[in-house]
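Undergrad: Residue numbers (this note's numbering), protein chains in the order written: chain D, 1 to 357; chain V, 1001 to 1357.
I should point out that these hints are in silico values taken from the structure, not numbers from a laboratory.
Mixed in with the good hints, there may be bad ones.
Mimicking BS3-like on lysine-lysine, the simulated pairs with C-alpha atoms at most 25 Å apart in a straight line are [claimed, not checked]:
| # | chain 1 | residue 1 | chain 2 | residue 2 |
| --- | --- | --- | --- | --- |
| 1 | V | K1293 | V | K1142 |
| 2 | D | K324 | V | K1033 |
| 3 | V | K1192 | V | K1293 |
| 4 | D | K192 | D | K337 |
| 5 | V | K1324 | V | K1337 |
| 6 | V | K1043 | V | K1145 |
| 7 | V | K1290 | V | K1192 |
| 8 | V | K1329 | D | K33 |
| 9 | V | K1033 | V | K1050 |
| 10 | V | K1324 | D | K33 |
| 11 | D | K290 | D | K192 |
| 12 | V | K1293 | V | K1324 |
| 13 | V | K1329 | D | K142 |
| 14 | D | K329 | V | K1033 |
| 15 | D | K290 | D | K329 |
2 protein chains.
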Amino acid sequence: MSVRRIEVQTNPAYNVYVGPSALEKVHECGLQKDCVFVLADEKAWSLHGKALVGLEAAPRLEITGGEDAKTLAQLGSVLDALTASGLSRASTVITFGGGSISDLGGLAASLYKRGIDVMHCPTTLLAQVDAAVGGKTAINLKLGKNLAGTVHQPRGVFADPAVLQSLPVEEWASGLGEALKTALVGGEASLKSLEMLSPELTRQQPETLSALVADCVQTKARIVAEDPSEQGPRRALNLGHTFAHAIEHCAGYGAIPHGVAVAVGVSLALEASAAMGILENGGLIERVNKLQKTLGLPSSLADLRGRHDLEPEGLLAGLAQDKKGAVNKPEFVLVRKPGDLALGVGMEGSLLQSLLG
Amino acid sequence: MSVRRIEVQTNPAYNVYVGPSALEKVHECGLQKDCVFVLADEKAWSLHGKALVGLEAAPRLEITGGEDAKTLAQLGSVLDALTASGLSRASTVITFGGGSISDLGGLAASLYKRGIDVMHCPTTLLAQVDAAVGGKTAINLKLGKNLAGTVHQPRGVFADPAVLQSLPVEEWASGLGEALKTALVGGEASLKSLEMLSPELTRQQPETLSALVADCVQTKARIVAEDPSEQGPRRALNLGHTFAHAIEHCAGYGAIPHGVAVAVGVSLALEASAAMGILENGGLIERVNKLQKTLGLPSSLADLRGRHDLEPEGLLAGLAQDKKGAVNKPEFVLVRKPGDLALGVGMEGSLLQSLLG
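Bound-form chain D, shown alone (with noise of 0.2 Å):
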């Protein structure tokens, strides 16, 4: 099975290699000896580390993934140790482990002397089908997640379903709930391609991982070509968030995984295009709950509730904290039919206390 090579046309353009061996192709992007700086999840280096061949004993940092990684802080200990490590302005920041890594690593190499070169090389499910890709970095401020951030594309990124092997079956889950998304926003090639793999995902075969990850950045790829700074169309891949940062940030984030708290959030979006009137076809509910199913994911608050508190007070508190919207009226992507959505601000009091009830 060979490497699938998937180009992102922004300015400059870069492509994301998938399938096995893709960390091969990391010496075919033109690092410069002798400039690199490795960025590792301290559990995915020890566990994969060695699938990078060649970059052993280029400097690197390891710390601990998570959302935890993406304070202000571990910010400065990233830039403090590219300034030891005495890159120039042409290094190149490699990153490898899951979306933290990449939205932390990414940061640092957009500032650290105004900019240097990141690579991805995501070890998660949820950075392959998303994270990694599309340039967004960010870390987290006292108030709220993402808050503080850059767009900075990549120079490549490398998915290699090997390294997703030993990941914890909640990960996986997040993952899954991203590509469920990126499906939806696709249109309906891929939502019938995500169909067709669901079943034997589960199973873990490589050809099955790659071929999904293939879908969602081909999808992702196409979107952020057509809007790389997120002013209009890209933000279709919100489809599901603002829901659930509300559910992350009412539960405690790091209590449910992003990705699946996304999962929830598109059933609730499109119960509120439903009773808006927007969505074509009632029948798409049904069909994703379905798919829900099938990926192990919850569809629906009543799910995450048995071991969560989420009050309806508290999600609303958290709606308020939206990133993407003006103060107090959330930005919400509804759906029309799968590919076509739509923007909404704020929703109507009634609306959003019977789908948060």
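Chain V: place on chain D using the hints.
TA: Below, chain V without anything else, positioned relative to chain D:
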């Protein structure tokens, strides 16, 4: 006397307003009510904040200006204050202070929600002639100055000579040092203009000041528009800066005002250019020395050594930290003639010894 409008043709373009009442133009730049945040130098605000009519009630953070403001921790405070004020992506940060305030506020604006607008109201001569124009933002890291930042063009810059009246003498000299550099980079006409203005500058008349600031902004606007992200021609604006950073590093940051160090750096760059056979007319050195004297600026390391410890070893160590070049290969801007500069990487050890000895 009317306000001069100088357009910086970046993408998008913006205006720099120079002259008495320039601050009134803030309201002509499409500010959205309730979407403004002011980051102010506390001293400048107490003296001149009232000139920013109509923004008294906007959320505001006042901090102590100077290099100590440019830390990661202070950046975090600004970002937290923006969040606490509930600023949306349609908001604008207005900076009111010297270069450290525009550097810090510009960086915070470029990061908050991945980028909101910023406008600068520079209140020091250095910031008016240089720092507030061109979009460079930065904070200092443990190991060096301006090592983390972005390029984030402001939406407008408002340079009013009235706010310069209370400037301490060392801030005054600092601005004149950068103005001298800009005149040399600008070309023969700019240098002649500075020579004409220089005897009058010590009188600090608004007309003379506005003429000086407008000259410098015009030169900088032309060069920044040509090369916003400093890939090539913009590097000429670093004339004198590799030496200046070494001087500041060696004396301890803050001990010598930046622009004063730049004035001496310009002399060292001219001497290096002469020694390397690049300078077309050795008379330029004498011409610049004369100008430095009229402006009350030092023209050699000897002028600084009376009050500062500037051992050759310390200066060499400072040069090795240069952000622009590769490790231990500092980049120097050399001079053929006014307006015609060349980039050099590294320098003969014996030449450096004789320049710094």
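Undergrad: Now look at each hint and say whether the structure bears it out.
TA: Going down the list of hints, with the structure as the test:
Restraint check for K1293 (chain V) and K1142 (chain V): the C-alpha separation of about 35 Å exceeds 25 Å, so the hint is violated. A C-alpha spacing of about 19 Å is found between K324 (chain D) and K1033 (chain V), which places the hinted pair at or below 25 Å, so the restraint holds. Note on K1192 (chain V) and K1293 (chain V): the hinted pairing holds, with a Cα-Cα distance of about 16 Å set against a maximum of 25 Å. Distance check on the hinted pair: K192 (chain D) and K337 (chain D) sit about 13 Å apart at the alpha-carbon level, within 25 Å; holds.
For the proposed pair K1324 (chain V) and K1337 (chain V), the alpha carbon gap of about 22 Å is at most 25 Å, so the pair holds. Using a Cα cut-off of 25 Å, the hinted pair K1043 (chain V) and K1145 (chain V) holds, with the two alpha carbons roughly 23 Å apart. Between K1290 (chain V) and K1192 (chain V), the direct Cα distance comes to roughly 13 Å. Compliance with the 25 Å bound is thereby established for this hinted pair. About 16 Å separates the Cα atoms of K1329 (chain V) and K33 (chain D), which keeps this hinted pair within 25 Å; it holds.
Among the hinted pairs, K1033 (chain V) with K1050 (chain V) is consistent with the structure: their alpha-carbon atoms are about 18 Å apart, no more than 25 Å. This hinted pair checks out: K1324 (chain V) and K33 (chain D) have alpha carbons roughly 19 Å apart, not beyond 25 Å. For the hint linking K290 (chain D) to K192 (chain D), the alpha-carbon distance of about 13 Å falls within 25 Å, and the restraint holds. Distance hint between K1293 (chain V) and K1324 (chain V) is unfulfilled; the C-alpha atoms sit about 30 Å from each other, more than 25 Å.
For a cut-off of 25 Å, the pair hint linking K1329 (chain V) to K142 (chain D) is broken: about 40 Å separates their Cα positions. A distance of roughly 16 Å separates the Cα atoms of K329 (chain D) and K1033 (chain V); the hinted pair therefore holds under the 25 Å criterion. Taking the CA atoms of K290 (chain D) and K329 (chain D), the gap is near 32 Å; set against the 25 Å cutoff, the hint is violated.
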